[in-house]
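Q: All chains, full assembly: derive it from the sequences and hints.
First to last, the protein sequences are chains S and Y.
Each number in my numbering comes from the position in the first sequence (counting from 1) with 145 added on.
Each number in my numbering comes from the position in the second sequence (counting from 1) with 145 added on.
Incorrect hints may appear among the rest.
If several chains are the same, the list does not tell them apart, and a pair holds so long as it fits within one copy or across any two.
Cross-link-like lysine-lysine pairs, in silico, DSBU-like; alpha carbons within 30 Å at most [to be verified]: (1) 379 - 547; (2) 561 - 379; (3) 392 - 321; (4) 392 - 342; (5) 379 - 392; (6) 547 - 561; (7) 321 - 496; (8) 496 - 547; (9) 321 - 561; (10) 496 - 342; (11) 379 - 342; (12) 496 - 392; (13) 246 - 392; (14) 561 - 616; (15) 616 - 246; (16) 561 - 392; (17) 496 - 616; (18) 379 - 246.
Keep in mind that the hints were calculated from the coordinates and are not lab data.
Bear in mind the structure is a predicted one, so any value in this text is a computation, not a measurement.
There are 2 protein chains.
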Amino acid sequence: MYSKRRTTRSTFWTNFPVEGEARSAGETNAYRVTECHPLTRQQENAALARYEENVKNAFDSIETHLRDIAALRHDAEFERRAQALAVERLGFELPSHVLAKAWIDPLDMRALYAWCVFETYRRWVNDSYRQPMDVADNEREFAVFLQACGYHYLDFTPCADGRLAHAVRYVLRLPKTQVRRRAHAGAMFDVEDSLEKWVEVEHCRYRQGVPNTPDAPTRYLKVVMYHYCSSDPKHEGCAAHGSDDAKAAGAGLARLMEFRTAIESGFCCGASIDLLLIGIDTDTDAIRVHVPDATGDMVLNRYIDAADVYAETARVSPSQAHAEIIESIRQVSAAHDASAPNPGMTALIAKLLENNISQIDYVRQYHGGRYRDVGHNERFIGSGAGFDELQLRNLTYFAYLKTVEEGAIDLDVGVKIFSGLNVSRGLPIPVIVRFDYAGSVPQARERAVERCLRVGQAVQTRYADLAANGKLHVLMAIRESERDGGVEIIASTLAGESTGVH
Amino acid sequence: MYSKRRTTRSTFWTNFPVEGEARSAGETNAYRVTECHPLTRQQENAALARYEENVKNAFDSIETHLRDIAALRHDAEFERRAQALAVERLGFELPSHVLAKAWIDPLDMRALYAWCVFETYRRWVNDSYRQPMDVADNEREFAVFLQACGYHYLDFTPCADGRLAHAVRYVLRLPKTQVRRRAHAGAMFDVEDSLEKWVEVEHCRYRQGVPNTPDAPTRYLKVVMYHYCSSDPKHEGCAAHGSDDAKAAGAGLARLMEFRTAIESGFCCGASIDLLLIGIDTDTDAIRVHVPDATGDMVLNRYIDAADVYAETARVSPSQAHAEIIESIRQVSAAHDASAPNPGMTALIAKLLENNISQIDYVRQYHGGRYRDVGHNERFIGSGAGFDELQLRNLTYFAYLKTVEEGAIDLDVGVKIFSGLNVSRGLPIPVIVRFDYAGSVPQARERAVERCLRVGQAVQTRYADLAANGKLHVLMAIRESERDGGVEIIASTLAGESTGVH
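A: Quick look at the structure:
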């Protein structure tokens, strides 16, 4: 599809977002296959492919352009020429205080690289609000469907691994505004944090009737997504679980049950939640859904695989395919002597499988049926909360956290991944720390700024050696969540001082 | 009253708690004055004085006993004689791995000191559950009174300063189980944390009708207590606010209003809370209550001082005193052209003033009307959550926190205080990290252990120089909050390794 990361010169220089300009289609779809599953939404696939290509090319061309700029460093007019080239190719200027030192000090290419990653991130996030492109199911329609299935909230924890970063928008084709996404290494979410969220959501129903009133017979649904790699299961599975599928799935299931028990025993009046465990083959994006029984319990070997469903229903009409998927779910339960899940859960699972069929074809159409980057290939680490935009495969290693102290394990995994991806090649690790806030709440912005700076500083302290040598750079950004503006840069390590303004 | 801290040999060696043995009365009440305010509960005062004396003597005699033990260090039978002396005087053994090295290495007196502080803490906490001595208002009675005043929850933030550590049980004479106490340096509580608590409390009303149902016209009450020092206002006031009364009061009021605004703008349907700002003179424990107007607003110069109330009502009958206090509150509002607070708030303020009259007499009876230790004189730092027992003046510098990263400012203030109190005299800073958990929630204990170890490690990392030189020791403890057992020691820095078991 698009240029292999960082090694081939990109042909998509003009694909950075320009205000007011429509997105260019790019020379996409090299692998496009004509034959798709009857349920596949091909137009949606094309739009998603174009978007993924544009964003990733913007990141992946940075190295090429910086090499060209580096070649100019002994030029008498270096600064002017470098800026001209940057504006032409990258669409933005480079930090002049870095360029200005090039006559006397070695040019700080690591700082320039981090700057470009941060600036590219900022521009694409801002672009996503100027030109929203959510091709997933209509938000409202999905909210209605979810409630009809018996759920008023979808709390989703994928692994922090970048190969699951596109899980919501691409793999499951869900509208991102309708899903709370909190990634953790190994999908090992924090039970206390989820408990707090549950209380908040339930309180909102009681007080405000949002999304529905508490007498509505709906539940909070917690979903965990673990992953495995069918082409290299022993090495490219989940690092947090030693690349062991069964361990990853088992740990996810155990954590889910721990959360449910915490609610059932911590609150009275039949308080409970529903759970769902999903696995994903990161080579093909095909999911497997562990089918709960009528009481909501799951076991590891009772699941339905979307790749099988795809194969079994590839030659029938869409309506027949839908009916067959429902029947397949029933058969999985029956084959394991388990009661069938309730009709709402069955409908939800069927929906996820149907949506995933489009993604299976997406990988076939645009990635030859199996991604070339079966392993890690993230472009930056995202930590904090937010990051709702740019949910693209292998773009972000996302560690949800409120403090580095609590999120250290997730961050450590990310830094280890990037030590291989970037530091080993001389490139720095770009870490974006971000916290969003509700502008209508007074002082919320000040608190977000405070937290953002604190976490940014803690990241630098934890990885002090890397930071001191310019091998790790941190951008601190916030965003007002109630408006459609972009991110606001609070500070970064690129201004000469550790918390200087970017 | 009791021996001056750490300098005079205590005469109360036998006052450590012994299982099954009734508390000894001690030779207390040296300053006892016969004439008290008609509202003063003298019997309660005597019990509180006895308790304060016993606990503080247990901590303050440690140094004396260790000096005697140190004098034996070259004795051939040192270990045996030291243990015998420790058991006789302190009531517990010393860590033998420390004593065993005394023949070859210098005796680690700092480790022994920290051990004794931790052990004394553990024993008195455990004792407080074996022999509960809550002489404050009956819990249930106070809960009923509070709801009658229009409040279903009392969320109280004093300054972390040890001179306010006894605010709930002594100064305000409230049952500690009915008050959520979260101390922060300068009383600067975290708005997000309080928001979470508010949601949790309101949710509990909706879901469980506890403490009352949401249709009851009651509110959540957030109280802040700042402090000042009448004998040395420029130096012994609140360190977090530069010993500036007006600044301390103003900051407390601003934070309270920030919290209320966050609720009012973050939630619909008239969601709101009530606020109360209280000041305390740490010399005499007399409080000043800032009287809200009918809309709940307060200003800094509209307050009623318990010392004035005491003087004005000292010669009348209890019932007349009560009536005059109510009238005084009304007059304060009238004198400032402000509307009177609602009747429930008036009743609550009157109650607090009446309770505080007993404390004013307590200080007169047992501390000569003004504490001898007007400045800092804490015995250890408590950090984490819990610490509901041993709420005694200048015993604990208590920093409520979930992570060191978020609570660093509070901890830094505490470490600075103890650098003067202890490190300057060669003594280590004893830090107790504690987290309580609900035993009925599965895995809650494991999570408390995890958090406790994480925070304990972060404390050691933040103060690495002090910790490396044995000038800071950390005890990590948890407690099951639903049972009346004591604390469980998880780890400490005293076992030779940083996270070894105590």
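Q: 30 Å Cα cut-off: does residue 561 pair with residue 379 within a copy, between copies, both or neither?
A: Classified as within: same-chain Cα gap 18 Å, cross-chain 52 Å, threshold 30 Å.
Q: Is it within, between, both, or neither for residue 561 and residue 616, if the alpha carbons may be no more than 30 Å apart?
A: within (13 Å within a copy, 34 Å between copies)
Q: For residue 379 vs residue 547, is the C-alpha pair at or below 30 Å within one copy, between two copies, both, or neither?
A: neither (32 Å within a copy, 37 Å between copies)
Q: Can you give me the call for residue 321 and residue 496, within, between, both or neither, at a CA distance of at most 30 Å?
A: For residue 321 and residue 496, only the intra-copy Cα distance (16 Å) is at most 30 Å; the inter-copy one is 52 Å.
Q: For residue 496 and residue 392, with the copy left unspecified, which applies at a CA distance of at most 30 Å: within, between, both, or neither?
A: within (27 Å within a copy, 59 Å between copies)
Q: If the cut is 30 Å between Cα atoms, do residue 392 and residue 342 qualify within a copy, between copies, both or neither?
A: This pair counts as within: shortest intra-copy Cα distance 27 Å, inter-copy 36 Å.
Q: Taking 30 Å as the upper bound on the Cα-Cα distance, should residue 616 and residue 246 be classified as within, between, both, or neither?
A: Within. Shortest intra-copy distance 19 Å satisfies the 30 Å Cα cut-off; inter-copy 45 Å does not.
Q: Can you give me the call for residue 496 and residue 547, within, between, both or neither, at a CA distance of at most 30 Å?
A: Neither: 33 Å inside a chain and 40 Å across chains, both beyond 30 Å.
Q: Is it within, between, both or neither when you check residue 379 against residue 246 at 30 Å Cα-Cα?
A: neither (47 Å within a copy, 50 Å between copies)
Q: Measure nothing new, just compare the shortest in-copy and cross-copy C-alpha distances for residue 547 and residue 561 to 30 Å and report within, between, both or neither.
A: both (20 Å within a copy, 27 Å between copies)
Q: Go through the copies and call it for residue 496 and residue 342: within, between, both or neither, with a Cα cutoff of 30 Å.
A: So residue 496 and residue 342 pass the 30 Å test inside one copy only (25 Å; across, 37 Å).
Q: Is it within, between, both or neither when you check residue 561 against residue 392 at 30 Å Cα-Cα?
A: Classified as within; 21 Å inside a copy, 47 Å across copies.
Hints 1, 8, 11, 13, 17, 18, counting from the list given before, are not met by this structure.
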